[in-house]
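**Q** Could you build the full structure based on these sequences and the hints that come with them?
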Amino acid sequence: MRRIERRALPAWATKELRRIQDAVTAAADPAADAERRWANGPAPTTFQEIRATLTAMSGPIPRCMYCEHNEGGAIDHFYPKRAHPSRAFVWENYLWACANCNSNFKRAYDPGLPGNELINPTEEGVDPAEHLLLAPTTGRFVGRTLRGENSVAVFDLNGDRTGRTFARQRLNTLRKLQRLIVERADALRAGDVRGGEEALEIIEGEPFPCVLEYLLTLAQDPERAVVLRPGVADALAAYPLR
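The letter at position 129 of the sequence shown is residue 273 when you use the working numbering, and the numbering goes up by one with no holes.
Read the hints as simulated data drawn from the structure, not as lab findings.
As the structure is a computational prediction, the values presented were derived from the model and not from experiment.
C-beta atoms are modelled at their ideal positions from N, C-alpha and C, and glycine is treated no differently.
It cannot be assumed that every hint is accurate.
Said to hold, decoys possible - Derived DMTMM-like pairs: lysine to aspartate or glutamate, alpha-carbon spacing no greater than 25 Å straight-line:
#1 K159 with D220
#2 K320 with E215
#3 K320 with E350
#4 K159 with E267
#5 K320 with D330
#6 K159 with E268
#7 K320 with E342
#8 K159 with D173
#9 K320 with D336
Stated by the list, open to error - Beta-carbon label-pair distances, calculated as ranges:
#10 G339 with E267: 34 to 40 Å
#11 G339 with W156: 41 to 47 Å
#12 D166 with A252: 23 to 29 Å
#13 E267 with P204: 21 to 27 Å
#14 P366 with A152: 37 to 43 Å
#15 E274 with P366: 18 to 24 Å
#16 G185 with G339: 41 to 47 Å
#17 E293 with A252: 17 to 23 Å
**A** The following block contains the structure:
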């Protein structure tokens, strides 16, 4: 996972969510009312705006904010609406997730329970890198905190439970990105602007965007950059991606 800045909804959409949330809070059975209202859906325009803003937050290819591999397609309630009806229609509680992470892995898991904490990559002040360490030789995530350990386990980010090949794919992405970064620098150095732009488009569209964030962080630290391929740190210094 990587840090994702949460964008603001338009005022009219925020107002509509607040109206629905107030009605849920005032209901005799808020949990049941939240479920019913979500099943019926907010007003179509509000729902469309929520989906559009979440996908825009997710990057050039709107990938799942949890696994970062599959494209997202579902609005996940970070705090489940039945357990937390007071957050059922709160914008900050929505994340963009793939159907697998949302329906098969997280399901009704409640990160609001003591000991169940998960990483919310959009939460203000939260840097997923403080909770997860990416091993550069294996592509595996190592939990640095309970929140990190829980996130690895719940979403099976290393494939230990279901055999998902995410660790190997993250390692391959790390290798591929380094070659592309050098290729881009070579193209720009030779005056091939189009080639540089094409390389950048591929770089930004690769799965596991957290791997790119990790690589950029490594390149800025001379002592840690030794794990990178020769020329990568120099290429980024000469032709920054951002």
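**Q** Looking back at the hints listed earlier, which ones does the structure fail to meet?
**A** none
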